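J.: With the sequences and hints as input, model every part of the structure.
There are 2 protein chains.
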Amino acid sequence: MTSPVSLPFTRQEHEKRLDAIKKEMHSIGIEVLLDSDPANIFYTTGYDAVSYYTPQTMIISIYRTEPILVIRKQDLLAAKVRTHLSEDSIIGWQDYMVDNEHSHPFELVLSLLNEHSLSRLKVGIDVDAGMTTHFDTSFLIKGLKKPITEVRRLINFVRMIKTDREIDYMKQAARITESSMRAGLDAIAAGVRESDVIANVYHAQIKGTSEYGGDYPANPPVMPTGRRSATPHLTWSDEPLMPNQNLTLELSGARFRYHCPLARTVYIGKTPPKDLSDATKHASEGVQATLRSISPGMALSEVHAVWEKINIKHNLGKTSRLGYSVGCAFPPSWLERTASIRPEDTTVLVPNMTFHLIAGIWKNHWGAEVSETFRVTDRGAETLCDMSQELYIR
Amino acid sequence: MTSPVSLPFTRQEHEKRLDAIKKEMHSIGIEVLLDSDPANIFYTTGYDAVSYYTPQTMIISIYRTEPILVIRKQDLLAAKVRTHLSEDSIIGWQDYMVDNEHSHPFELVLSLLNEHSLSRLKVGIDVDAGMTTHFDTSFLIKGLKKPITEVRRLINFVRMIKTDREIDYMKQAARITESSMRAGLDAIAAGVRESDVIANVYHAQIKGTSEYGGDYPANPPVMPTGRRSATPHLTWSDEPLMPNQNLTLELSGARFRYHCPLARTVYIGKTPPKDLSDATKHASEGVQATLRSISPGMALSEVHAVWEKINIKHNLGKTSRLGYSVGCAFPPSWLERTASIRPEDTTVLVPNMTFHLIAGIWKNHWGAEVSETFRVTDRGAETLCDMSQELYIR
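Chains as they are written, first to last, in UniProt numbering: chain Z, 1 to 394; chain X, 1 to 394.
There could be a bad hint or two in this list.
As the list claims (entries may be wrong) - Short, incomplete list of chain X residues facing chain Z, as computed with Cβ under 8 Å: (1) Gln74; (2) Ser86; (3) Ser340.
To be verified - Only pairs whose alpha carbons sit at most 25 Å apart, straight line, appear in this in silico DSS-like list of lysine-lysine: (4) Lys313(X) to Lys73(Z); (5) Lys73(Z) to Lys309(X); (6) Lys122(Z) to Lys318(X); (7) Lys363(X) to Lys73(Z); (8) Lys146(X) to Lys142(Z); (9) Lys73(X) to Lys363(Z); (10) Lys80(X) to Lys363(Z); (11) Lys122(X) to Lys142(Z); (12) Lys80(Z) to Lys16(Z); (13) Lys270(X) to Lys80(Z); (14) Lys145(Z) to Lys22(Z); (15) Lys146(X) to Lys146(Z); (16) Lys309(Z) to Lys73(X); (17) Lys73(Z) to Lys318(X); (18) Lys122(Z) to Lys142(Z); (19) Lys73(X) to Lys313(Z); (20) Lys80(Z) to Lys363(X); (21) Lys146(X) to Lys145(Z); (22) Lys274(Z) to Lys318(Z); (23) Lys281(X) to Lys363(X); (24) Lys146(Z) to Lys142(X); (25) Lys270(X) to Lys363(X); (26) Lys16(X) to Lys122(X); (27) Lys145(X) to Lys142(Z); (28) Lys146(Z) to Lys145(X); (29) Lys80(X) to Lys16(X); (30) Lys145(Z) to Lys145(X); (31) Lys145(Z) to Lys142(X); (32) Lys146(X) to Lys318(Z); (33) Lys22(Z) to Lys146(Z); (34) Lys142(Z) to Lys142(X).
As the list claims (entries may be wrong) - Here are some of the chain X residues that sit facing chain Z, going by a computed Cβ distance under 10 Å: (35) Leu76; (36) Arg153; (37) Ile167; (38) Val201; (39) Gln205; (40) Gly214.
By construction, these hints were calculated from the structure, which means they are not laboratory data. In this text the structure is predicted, and so the values were computed from the model without any measurement. The beta carbon of each residue, even a glycine, is placed where N, CA and C say it ideally should be.
T.: Right, here's the structure in full:
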């Protein structure tokens, strides 16, 4: 350890997570897991550096106490100060291999597997790991020269039930979400450039509170304005906001890679159109009814059914999923890519699961959005942010 | 078109790019190219929305004027207002397919290929496209039921030579890089939280200038401090900066997805240690000597050789590559993932190629970094930012 660093999670918490992962590995009959998803690596080892644009992976053997982290050589120190791993569990590949068409960093992974006699075991590879291309994963599969088990998001699913410490960080992220949303709302006015609004949002996202600073969110805020609010994923422009314009703002604070997303709807002017204020009110009614209905043991399909009644009652016309599991995340998004709140998902709620529930109403020429991030509690659901769901008038 | 939008590039420029891509496709013997990399999609069609966390792709046929963009249904409008594509070239997949273990959005891609009689042609797939996993790409390869050509970063390489309009945006990004670096340097002082420094950086990155706002950079700033500056990719903490501490700050402004990265070194205190001030001075000397040597027709290996002389002369010990091609980019990084400035790279310089040249000196317990983004001109190299390479004292 070259620098005294206090990590966000104890070694014990990381060991508990690793045990849960190994249990899942055992249950699907694999002894070694290769996973390259930066969020899964962070969750398992604590490693957090902007190094995931080059190939890196984590080797978990059910017979080895620690995972082996394989990263670029120039990032070795980053792993030493940002994980509890011992030095012989952090291995660096040589720099000439980056973007080199004649050699691949995962050559080192293959030789490590042989060195530790792991390639003879039953190997599973997360073939759906974020930031890892078909080319990278194929290099491993071809190199192993034996059948492997294709794993999809095994660790993502383990991540769904949070520990109390993870919930703490999501609540800290929630405070940052609130102040960032307020910074955005405060800046919104006719004539202000959209980019100036988002500049204030970003400032608040990173500044955090007086007790703690913010981490970078896994994706940028989205703020589609006017007719563009009919679609959810557009960022800002540098055009000035117009009088009598509506917009939606969706963003998240982040704390140690934990997120707490939130969306709100704004009208710039004195008298919002009735369809916009009605849609916002009804979306909020749907969010509240759905949250009130939640209890552990319920399936996500049942949660969706509660929403669907309000959706039909007010003819809101929302056809997309109502939400998804959230937590620790790296680019490109704060999503965990596991369970969704929708008719087909039979995932059963367990305390300390966390979801982003999004009532996004996208019509032909305008949109409204009200969302909440909630935690499943012993008896119901607790929203992490505390912010009126009204249509904000600016 | 549901909203009047002025796009950053003309239809003519996009057509020229597409022609260049089709020429490359022809030269490697493919008639259809599937590419899912968000930067390649943006480059070819102009599409720019935060939708790349779900599978999306672009189908280019050398026999069809426009590419076909296949995205999630709720993002259709985003593509209509952010591309020149006609409506029948933008196809949306149904929402139930997102994160659904029983169906895949690329089913639609396969049926489109059949519908347009494209699957009978010679198909190439970019198997190394960012944001697209082994699982996603394998779904296409298996579904095509015939041999395909594995393509690696074909469009990335086409992107290397910029048009004048692209250079304009990189220069606009450079102005934002300068103001963001200044915002960071101005905030740095003993006792200030690292997160408060970066909050100011982000504010400047998005605020931009009085003439134009900023886009979100493809990756966060990095600011390793003190002993952690011995490694390049750590972000900030919320600890206060310490007296007599050094740090490096690397960041980029962004304008319409175009980047212009820059790194500088800072010492907090009155008298910097000699090894730090020497390393910064020598790194700067190396950067300047290398830039002065550049001319079109030179190979990147030759560019590196100029640097290597300074590296050896001052015993700087830099073993990693000296830089890489940059331009338009989406998360996780501003890199184009093509050519590198290093001994093995024989890429020949052509006017309007753009590179980030990084003299990063990472010792055991400290680091110094001086970088410049430059454009190859008709006769030499032009740096895009104008900012002293000194060791900044705060």
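J.: Now look at each hint and say whether the structure bears it out.
T.: Status of the hints after comparison with the structure:
Hint on glutamine 74(X) holds. Least Cβ distance to chain Z is approximately 5 Å, under the 8 Å limit. Against a cut-off of 8 Å between C-beta atoms, the interface hint on serine 86(X) is violated, since the closest Cβ of chain Z lies about 18 Å away. The restraint placing serine 340(X) at the interface with chain Z holds, with a minimum CB-CB distance near 6 Å, inside the 8 Å limit. Taking the CA atoms of lysine 313(X) and lysine 73(Z), the gap is near 24 Å; set against the 25 Å cutoff, the hint holds.
Distance hint between lysine 73(Z) and lysine 309(X) is fulfilled; the C-alpha atoms sit about 23 Å from each other, no more than 25 Å. Restraint check for lysine 122(Z) and lysine 318(X): not satisfied, since their Cα atoms lie roughly 40 Å apart, outside the 25 Å limit. A threshold of 25 Å between alpha carbons decides the hint, and for lysine 363(X) with lysine 73(Z) the separation of about 13 Å falls inside it, so the pair holds. Restraint check: the Cα-Cα separation between lysine 146(X) and lysine 142(Z) comes to about 19 Å, which is no more than 25 Å; the hinted pair holds.
Under the criterion of a C-alpha separation no larger than 25 Å, the hint pairing lysine 73(X) with lysine 363(Z) is consistent with the structure, at around 13 Å. For the hint linking lysine 80(X) to lysine 363(Z), the alpha-carbon distance of about 15 Å falls within 25 Å, and the restraint holds. Note on lysine 122(X) and lysine 142(Z): the hinted pairing holds, with a Cα-Cα distance of about 24 Å set against a maximum of 25 Å. With a C-alpha separation of about 20 Å, the suggested pairing of lysine 80(Z) with lysine 16(Z) holds against the 25 Å cut-off.
A hinted pair counts as satisfied when its Cα atoms are at most 25 Å apart, and lysine 270(X) with lysine 80(Z) does not qualify at roughly 30 Å. The suggested pairing of lysine 145(Z) with lysine 22(Z) holds, with an alpha-carbon distance near 24 Å, which does not exceed 25 Å. This hinted pair checks out: lysine 146(X) and lysine 146(Z) have alpha carbons roughly 23 Å apart, not beyond 25 Å. In summary, the hint linking lysine 309(Z) to lysine 73(X) is supported, as the alpha carbons are separated by about 23 Å, within the 25 Å threshold.
In summary, the hint linking lysine 73(Z) to lysine 318(X) is supported, as the alpha carbons are separated by about 12 Å, within the 25 Å threshold. Taken as a hint, the lysine 122(Z) and lysine 142(Z) pair is honoured in the structure, with Cα atoms around 15 Å apart against an allowance of 25 Å. Taking the CA atoms of lysine 73(X) and lysine 313(Z), the gap is about 24 Å. The hint holds against a cut of 25 Å. Between the alpha carbons of lysine 80(Z) and lysine 363(X) the distance comes to roughly 15 Å, so the proposed pair stays at or under 25 Å and holds.
Straight-line distance between C-alpha atoms of lysine 146(X) and lysine 145(Z) comes to about 22 Å, which keeps the hinted pair within the 25 Å bound. As the CA atoms of lysine 274(Z) and lysine 318(Z) are separated by approximately 18 Å, the hinted pair is consistent with the 25 Å bound. Annotation: proposed proximity of lysine 281(X) to lysine 363(X) holds, straight-line Cα distance about 15 Å (limit 25 Å). Among the hinted pairs, lysine 146(Z) with lysine 142(X) is consistent with the structure: their alpha-carbon atoms are about 19 Å apart, no more than 25 Å.
Taken as a hint, the lysine 270(X) and lysine 363(X) pair is honoured in the structure, with Cα atoms around 22 Å apart against an allowance of 25 Å. Pair hint lysine 16(X) plus lysine 122(X) holds up; C-alpha atoms about 23 Å apart against a cutoff of 25 Å. Restraint check: the Cα-Cα separation between lysine 145(X) and lysine 142(Z) comes to about 20 Å, which is no more than 25 Å; the hinted pair holds. The hinted pair formed by lysine 146(Z) and lysine 145(X) meets the criterion: a straight-line CA distance of about 22 Å does not exceed 25 Å.
Using a Cα cut-off of 25 Å, the hinted pair lysine 80(X) and lysine 16(X) holds, with the two alpha carbons roughly 20 Å apart. Distance hint between lysine 145(Z) and lysine 145(X) is fulfilled; the C-alpha atoms sit about 23 Å from each other, no more than 25 Å. Taking the CA atoms of lysine 145(Z) and lysine 142(X), the gap is about 20 Å. The hint holds against a cut of 25 Å. The straight-line distance between the Cα atoms of lysine 146(X) and lysine 318(Z) is roughly 39 Å, outside the 25 Å bound, and the hint therefore fails.
Among the hinted pairs, lysine 22(Z) with lysine 146(Z) is consistent with the structure: their alpha-carbon atoms are about 22 Å apart, no more than 25 Å. Simply put, lysine 142(Z) and lysine 142(X) have alpha-carbon atoms about 16 Å apart, close enough for the 25 Å limit, and the pair holds. Given hint, leucine 76(X) at the interface with chain Z, holds; its Cβ is 7 Å from that chain's nearest Cβ, closer than 10 Å. A distance limit of 10 Å between C-beta atoms decides the matter here; for arginine 153(X) the minimum to chain Z is near 9 Å, and the interface restraint holds.
At about 19 Å, the closest approach between the beta carbon of isoleucine 167(X) and any beta carbon in chain Z exceeds 10 Å, and the interface hint on this residue is violated. Given hint, valine 201(X) at the interface with chain Z, holds; its Cβ is 8 Å from that chain's nearest Cβ, closer than 10 Å. A least Cβ separation of about 7 Å between glutamine 205(X) and chain Z falls short of the 10 Å threshold, and the interface hint therefore holds. Because the beta carbon of glycine 214(X) sits about 6 Å from the nearest beta carbon in chain Z, less than 10 Å, this interface hint is met.
The structure is inconsistent with the numbered hints 2, 6, 13, 32, 37, although it conforms to all the rest.
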